[in-house]
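J.: Next come the chains, spelled out residue by residue.
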Amino acid sequence: MDLLWEGIRKAIILIVTGDPEVMGILWLSLKVSGTATLISLVIGITGGTALALGRFAGRNFVVGMVNTGMGLPPVVVGIFVTIFIWRNGPLGFLGILYTPKAMILAQAIIATPIVMGITLAAIQALPKNLHLQILALGATRVQTVLLLVREARLSLLAAVMAGFGGVISEVGASIMVGGNIKGYSRVLTTAAVMETSRGNFDMAIALGIILMLLAYVINLVLTRVQQSERRGG
Amino acid sequence: MSAILQATDLEVRRGTRTVLCVDELSIRQGDVLALIGPNGAGKTTLLQVLAALLKPARGKVLFKSEPVTSGAAGLAYRRQQAMVFQEPLLFATTVFENVAAGLKLRGVEKGRVDRLVQENLARFGIAHLAGRPARKISGGEAQRASLARALATEPQILFMDEPFSSLDPPSREALIEDLEKVLKSSGITAVMTTHDHGEARRLSNRMAVMGDGRVWQHDAPATVFCKPANRFVAQFVGVDNLIAATVARSENGRLWLSASGRQIQASGSAAVGTGLTVCVRPESVRLYRNGLTADDAGANAFTGRIIRLIPMGYFHKLHLDCGFALSALCTDADAVGWSVGDQATVAIPPACIHLIENPP
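Chain order of the listed sequences is A and B.
Counting along the first sequence from 1, when you hit position 45 you're at 45 in this note's numbering, and nothing is skipped either side.
Counting along the second sequence from 1, when you hit position 329 you're at 329 in this note's numbering, and nothing is skipped either side.
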């Protein structure tokens, strides 16, 4: 228990004093996971909406793939991204291995199926004829998609929360493709793993608490937006 | 008047099954056409094809003689029509914004949007709800908002898919009243689907009876109800009495028909021996009491035994065995004293008989 209290005490000190190394890690975590979530939102919402509205051969197969992808193990993503961006890999020319860009790529791959799957479910949960009603109101194809997404916005906020929650807390892919380089590609999760392996449990607990606080604050903001929208009806 | 919308040779398939097969349907400018028929008749499918929301496997729809393209590609046509569904399908925003939705999608300037929205809110008596969240108004108010949204875009054709079926009777009655005024005052062409005969008769000047994906009769409502084209239409529009008969004598536009050993007189001409179906609405059958005999009651009068009495709100339906089955409708007051097993005298006025040829 002493270890736990010591960790909490240290976390408070690190946050209050604004420890430059921790703040750097925090900022990079936000930047990497935030960017990855944004990318996944663009691809996931577009793809999820297209899947929900589209009727094409093999659609069920694609939906099955997306649903499977919602539980994609980060380590598996890490392995494949590493192979692809390895010096001799198909995307090796990009030279992004062990950089935050590689971490963003891996995290976007993890978050995209989550966002796409939730978007697909959200659009399909809208009233059956809403799509036809929007077309009958004289909407173009783009206006139709935008209106449907607007109507599903409460559920889509859940997609943002799930996507961001999935990537801010993952460690397997980030450590494999980012390398946990101090001051460059070290994020909260990879730093916590490293501190634990070194036996610095107080620092590891402190990083864990900061990670949870970060996830909580962001989800709190999104939840408030979601609930106020719901009340506004 | 010229046709504003024409459909020819339409066919819609679901998998290998044909769900719609319409050879020809023409809607004139200013017509209010009611598509009526049982569940699964193809009414909604036809409505969606006419509204260019569903692409047929075969055939074409012409709007003012121009071919209509279905789906997202048919934007120009879709912006000249409007559709109201069974459920109001309002957006999660205010009533005002909902009614303005179609106008904003067309990029109409703000002043005009405000004017048209206010006009249409007032038209349906919901101006006071403009600022309210659309999801927090009653079902009747929501359907009013849906109609206001459709008409705000000043469409040339209004499509309505069972617009009143989800409403309670008072809300439905009030909305039908208002819609009737709007349709009459605007002269807009409209096509609606409904199960309700009363609704259809009240709002429409043309009626198409559908069944099994086909249009069996397209006529004025009075013709459909009194002169059904076939047994299917007759049964659907409430012509309960369909009596199989054979022409026994034909003279000077008058027919003497034989039905289960009884003789029925009707107007018309047909060769002796022709098999016909005598159609009589139960409302047209006259019921006599006080011991009046069939001979006293005159032509087409029969004595029968009451085999069933069904209360139907203010009315009672009497099923009689007159040699052939016959049903009659009478008010609650007229039904007092009748009970199953009683003998009754009924008469079918020859003018109320419609004859249809039996299928070959």
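Heads up, some of the hints might be wrong.
[What the hints assert, rightly or not] DSS-like cross-link-like pairs, simulated, lysine-lysine; straight-line CA separation at most 27 angstroms:
1) Lys-110(B) / Lys-136(B)
2) Lys-64(B) / Lys-128(A)
3) Lys-128(A) / Lys-104(B)
4) Lys-181(B) / Lys-64(B)
5) Lys-128(A) / Lys-55(B)
6) Lys-128(A) / Lys-60(B)
Rather than coming from a laboratory, the hints here were simulated on the basis of the structure.
J.: For every hint, state whether the structure bears it out.
T.: Hint check:
1. At most 27 angstroms may separate the alpha-carbon atoms for a hinted pair to count; Lys-110(B) and Lys-136(B) meet this at roughly 25 angstroms.
2. A hinted pair counts as satisfied when its Cα atoms are at most 27 angstroms apart, and Lys-64(B) with Lys-128(A) does not qualify at roughly 30 angstroms.
3. A distance of roughly 23 angstroms separates the Cα atoms of Lys-128(A) and Lys-104(B); the hinted pair therefore holds under the 27 angstroms criterion.
4. Between Lys-181(B) and Lys-64(B) the alpha-carbon distance is near 26 angstroms, which keeps this suggested pair within the 27 angstroms criterion.
5. As the CA atoms of Lys-128(A) and Lys-55(B) are separated by approximately 17 angstroms, the hinted pair is consistent with the 27 angstroms bound.
6. Distance hint between Lys-128(A) and Lys-60(B) is fulfilled; the C-alpha atoms sit about 26 angstroms from each other, no more than 27 angstroms.
Violation of the numbered hints given earlier is confined to hint 2; every other hint is satisfied by the structure.
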